[in-house]
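Visitor: Chain residues, written in single-letter form:
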Amino acid sequence: MRKDDLKFLAMFAATVWLSGFVVYSSYLRDLRTAAGPTVDMKRIERLVGEGRLTLHPADYWEPDGEGGK
Amino acid sequence: MKGGVKCTLCPRECVLGPAQRGDCRVRVNVGGKLVTLVYGKPVSANPYDPIEKKPLFHFLPGTRCFSIATAGCNLHCKFCQNYEISQLNPDDADRVYDLPPDKLVQAALRNGCRSIAYTYSEPIIFFEYVRDTQVLARERGIRNVLVTAGYINEAPLQELNRHADAANIDLKAYSDDYYRTVCAGTLAPVLRNLEISVKDGVWVEMTNLIVPTLNDDMDMIKRMCEWVTERLGPDVPLHFSRFMPLYKLTHLPPTPADTLVKAREVAMAQGLHFVYVGNVDVPGGGDTICPGCKNLLIGRRGYAILALNIKDGKCAACGRAVPGVWK
Numbered sequence: 001m002r003k004d005d006l007k008f009l010a011m012f013a014a015t016v017w018l019s020g021f022v023v024y025s026s027y028l029r030d031l032r033t034a035a036g037p038t039v040d041m042k043r044i045e046r047l048v049g050e051g052r053l054t055l056h057p058a059d060y061w062e063p064d065g066e067g068g069k
Numbered sequence: 070m071k072g073g074v075k076c077t078l079c080p081r082e083c084v085l086g087p088a089q090r091g092d093c094r095v096r097v098n099v100g101g102k103l104v105t106l107v108y109g110k111p112v113s114a115n116p117y118d119p120i121e122k123k124p125l126f127h128f129l130p131g132t133r134c135f136s137i138a139t140a141g142c143n144l145h146c147k148f149c150q151n152y153e154i155s156q157l158n159p160d161d162a163d164r165v166y167d168l169p170p171d172k173l174v175q176a177a178l179r180n181g182c183r184s185i186a187y188t189y190s191e192p193i194i195f196f197e198y199v200r201d202t203q204v205l206a207r208e209r210g211i212r213n214v215l216v217t218a219g220y221i222n223e224a225p226l227q228e229l230n231r232h233a234d235a236a237n238i239d240l241k242a243y244s245d246d247y248y249r250t251v252c253a254g255t256l257a258p259v260l261r262n263l264e265i266s267v268k269d270g271v272w273v274e275m276t277n278l279i280v281p282t283l284n285d286d287m288d289m290i291k292r293m294c295e296w297v298t299e300r301l302g303p304d305v306p307l308h309f310s311r312f313m314p315l316y317k318l319t320h321l322p323p324t325p326a327d328t329l330v331k332a333r334e335v336a337m338a339q340g341l342h343f344v345y346v347g348n349v350d351v352p353g354g355g356d357t358i359c360p361g362c363k364n365l366l367i368g369r370r371g372y373a374i375l376a377l378n379i380k381d382g383k384c385a386a387c388g389r390a391v392p393g394v395w396k
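Residue numbers (the working numbering), protein chains in the order written: chain D, 1 to 69; chain C, 70 to 396.
I should point out that these hints are in silico values taken from the structure, not numbers from a laboratory.
No farther apart than 16 Å at their CA atoms in a straight line, the calculated lysine to aspartate or glutamate pairs in the EDC-like style are these:
1) C:Lys102 to D:Glu62
2) C:Lys102 to C:Glu82
3) C:Lys71 to D:Asp64
4) C:Lys383 to C:Asp304
5) C:Lys317 to C:Glu153
6) C:Lys122 to C:Asp356
7) C:Lys172 to C:Asp201
8) C:Lys102 to D:Asp59
9) C:Lys363 to C:Asp304
10) C:Lys331 to C:Asp288
11) C:Lys291 to C:Glu334
12) D:Lys42 to C:Asp161
13) C:Lys268 to C:Glu299
14) C:Lys102 to D:Asp64
15) C:Lys268 to C:Glu228
16) C:Lys331 to C:Asp350
17) C:Lys331 to C:Asp285
18) C:Lys71 to D:Glu62
Derived, one-sided and incomplete: chain D residues facing chain C with beta-carbon distance under 10 Å:
19) Ala35
20) Leu47
21) Arg52
22) Leu55
23) His56
24) Asp59
25) Trp61
Backbone N, C-alpha and C define an ideal beta-carbon position, used for all residues, glycine too.
Just chain D, same shape as in the assembly (with noise of 0.2 Å):
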């Protein structure tokens, strides 16, 4: 096989693979580990004191990574 052929082969192996992992892994952000923006604290603070918002505790959730409820 031809050097060139080599390198053809591995680039599109390559490709491939990538390609697999992008499709995989947007899989993963949508279904397992969807999550939004990171909110500015200050502005959340300052409508939770107006009334608008509250900080009222959650139920239904577990540390990250510290097995299930």
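Chain C: place on chain D using the hints.
Guide: Then chain C, alone, in the frame of chain D:
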């Protein structure tokens, strides 16, 4: 993750770093603990909603419910008919009501509402507010109604169901691909939760919004109705609802009335007893007919009741029991 939390309320199970909010927009990791921003802070509060608008056609017909919703949702349906609140951060809302559970129940009683409906956006994401209000409402003789997409984990659903009297649960399509690409969710939890809610004794009605070209395939509708008949029973009412071009699907036309009528025929051919057509004026589309003698049980036009021929939960003509909650 140091200081991270994992929310286990819905199948997304968001993992949140410090000060990060969940996909639903309302649950935030504050100091390694999960908090809700919207407890007692709805952005919509309406004491004049007819129960038929939910839609619930077999639950206290002709009564009013007190409808509330907070900002946020754990799905992102491209067709959302309430996207102004469901896809809104609670911290960006122009107007917020201060209605903690006790004030809300008082307001419902004062306005003569027979029920409180947790609706418009998605009650699952304001779980703690719903649950605490449900308990107080029950104590004061007010019924609880969930209008939901049913995208929730099993344990919290069962907790809500303990105090719920009725639910209208969306089955957006009988296709996992549709849920993933159009709603950013998955089908399996919704099917499971429909079964759980029926088994838990909650009065369940279903809504299927038909969107032209996306979920109007009659074969798929047939398979969906087969599943409903087999797994939930033929007495669960199904509402086919007309899509209006909103949010990210403004390029699609409204659902033709013929499509809704055809879907209704398909559903009834699969053995479902109570199938309705909504958001469109189709003659007889909102009428309840006795599956036994074919007598008109409830005649409706829009949200108005024109005729009511149910006596003590039975058909006034033949005496057959009519499934639902009538008093």
